[in-house]
Amino acid sequence: MARFLIRRILQGLLVLLLMTFTVYAIFFLGPGPQYVARVMAGKDATPAEVNAIAAQLYLNKPWYEAYGHFLSQLARGNLGYDFYNNVPVTTSIRQAFPITLSLVIGASVLWLAIGLGTGIVSAVRTRSLMDRFFTGQALFFYSMPHFVLGLLFILFLYQVLTTHGVAVFPAPGSWTPFTSNPVAWARDLILPWLTLALVSAATYTRLTRGSMLDVFGEDYIRTARSKGMSERRVILRHNLRASLTPVVTQFGLDVGTLIGGAIITEQVFSLPGLGWTAVHAIQSQDLPLIMGIVIVASTGVIVANMLVDIGYAVLDPRVRLH
Amino acid sequence: MSHDATAVGEPTLPAGPAGLLAGAARKEIEGKSPWALAWRRLRRDRAAMTSLGVIAAIAACAIGAPVFAAITGHGDMEQFSTIGRTAAGQPVGPNGTFWLGTDDLGRDLLVRIAYGARVSLFVGVVATAVTVAGGTVIGLAAGYFGGFIDSVLARFMDWLLAVPFLLFAIALFSVAVQKPIFGFIGAGLPIVIIVLGFFGWASVGRLVRGQVLSIKEKEYIEAARAMGAGPWRIMFIDILPNLLAPLIVYSTLLIPATIVGEATLSFLGVGVQPPTADWGQMISTASGMFLYGPWWYLVFPSVALLITTLAFNIFGDGVRDAFDPRGDFSV
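Chains A and B, in that order, are what the protein sequence lines are. Just so we're aligned, residue 86 is where the first sequence starts under this note's numbering, counting upward by one. Just so we're aligned, residue 4 is where the second sequence starts under this note's numbering, counting upward by one.
Check each hint, because a few of them may be wrong.
[Unchecked claim] For the chain B half of the interface with chain A, some residues (derived, Cβ under 10 Å), not all of them:
1) 170
2) 180
3) 240
4) 243
5) 259
6) 304
Hints in this document: simulated from the structure, not taken from any laboratory. Glycine included, every Cβ here is placed at the ideal spot set by N, Cα and C.
All chains should be modelled from the sequences, with the hints used to inform the complete structure.
Shown next, in the form of structure tokens:
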């Protein structure tokens with residue numbers, strides 16, 4: 086286990102390095118040093134200020150020295166200065182982070198609950214009306230882009246209901262921090278959660294169903310049944326436990342997809358999380374902020390992937406050998 | 004992609020019941036290639052064939068977009084500021100002149116949607132082709148050579164599969180909108196295809212790599228090597244043909260994902276730029292104004308997008324079932 090842990094952490098660090106280099110290449114090498122200094126300094130900077138920034142970012146040195154400097158700044162948690170909002174980038178990110186985190190956590194809970202629930206029912210009652218319905222809806226939501234689903238929710242569940250006097254769902258853009266009012270927090274986020282969860286849950290319905298049907302063919306399931314074990318116990322204890330392996334693997338891979346979906350959902354519902362902030366920073370050409378968000382979000386994904394892998398190895402010893 | 008299957012499958016196909024009878028009369032045993040069998044299974048899948056019809060209709064709309072312009076008499080860029088907008092400057096709802104209504108600039112929505120199909124299908128096919136070609140070559144190399152090359156490429160693929168590509172699309176766009184990156188990656192269609200291709204090939208690469216790892220241990224590969232075949236010959240002549248079926252299945256399922264990817268980039272404003280007609284972009288503009296206003300501007304492009312992705316996904320499922328009735332491909 087210790088060897089696995091060390092190897093997996095080293096791999097994670099390598100991937101982090103690769104990510105920072107890509108970000109560096111996009112923002113610094115792509116446009117060329119002079120241009121970078123001018124943009125990083127902000128629109129109203131004087132030539133002297135631009136030169137000062139260039140020196141500060143080591144842009145007048147060879148690229149590997151500048152990249153090394155960039156890395157050492159990152160290691161100290163310095164993501165640069167957000168000239169547009171006149172605060173350090175970390176401050177802007179700290180404001181947006183709880184929103185994205187709330188969105189992602191709530192959506193994953195719903196997503197797994199819906200995906201596993203419909204998948205289990207479909208597998209246990211194969212070819213029933215329910216199975217057909219769940220498989221059909223999975224294909225439908227799987228084909229549905231996040232933004233279309235979100236906008237249709239706003240159109241029908243917010244606008245149409247509200248104009249008919251049923252104001253169940255809050256207007257898009259509503260946001261209450263969890264710490265100030267958990268009930269209002271959940272109420273404001275329910276439509277964004279559903280948007281994010283339903284599209285992704287579709288894959289899990291299909292995955293759980295297929296995986297459980299495979300396991301039902303195994304000998305040990307027949308053994309369990311022939312011992313007179315209740316069907317409920319066979320499904321929950323024997324089948325589900327084995328069927329969950331591919332689902333957990335998929336979930337580990339999908340953390341990145343989840344962040345991508347969160348960016349779109351934030352945009353649709355005007356939630357000022359990381360994705361919304363990044364998209365809006367394009368208009369103000371606030372490159373340091375965009376760069377900071379890309380680094381923070383990618384790091385989050387890489388760390389989450391690593392944790393899923395490690396957790397997985399704890400549960401299933403075979404994984405450690407690969 | 005389905006055309007490949009058709010071209011390979013057709014010559015050995017009996018032409019309907021008459022063909023079957025003729026075959027029986029001759030009392031010959033006809034060998035059927037896996038391609039012919041797959042094509043026959045696909046032909047019997049009613050949902051898949053209906054979807055294929057829908058896809059053909061959408062392609063016809065895309066190719067024949069100027070026909071829509073000719074029939075309605077409205078160009079795709081033409082702004083009808085008097086009849087195409089209300090007195091308050093709002094879009095006009097569906098009526099006799101504008102069948103699906105107009106957009107914020109008084110342009111005919113029907114004509115714009117037909118032109119938008121061009122972008123969706125073009126990107127869907129081109130970016131998928133780039134993705135599959137790149138993933139196949141890199142996956143072949145990683146799986147065949149193994150060792151250090153494989154470790155490096157496999158880690159790189161892991162990374163690409165883990166990062167949220169939308170963030171990098173935003174990053175690339177924010178830089179390229181001022182000045183093309185490395186002088187050639189400009190904002191708009193080039194970024195869309197590069198982003199979708201660059202972040203998409205890894206899934207194909209992983210699929211191909213996995214298959215190559217098992218195929219390269221087979222005796223006939225050893226025989227080829229003993230006969231003096233070089234690595235390139237073995238990879239492309241001996242191994243690649245075995246991968247065509249899973250690749251065709253994967254490509255058909257990748258097209259709708261790519262179409263959604265393009266629409267999403269354009270929706271976020273980092274994809275195809277105005278005034279080019281594009282579904283994602285139309286939905287994006289509509290999303291800023293549909294509340295208590297022009298619902299048609301949101302609903303019609305959304306329905307067009309949804310029908311397209313749904314048709315491709317149902318067809319892709321059919322292709323997978325046809326090629327892989329036992330469910331062996333891990334796609």
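Results for each hint:
no. : hint : result
1   : 170  : holds (5 Å)
2   : 180  : holds (7 Å)
3   : 240  : violated (31 Å)
4   : 243  : violated (26 Å)
5   : 259  : holds (6 Å)
6   : 304  : holds (9 Å)
Comparing the model with each numbered hint stated earlier shows that hints 3, 4 do not hold.
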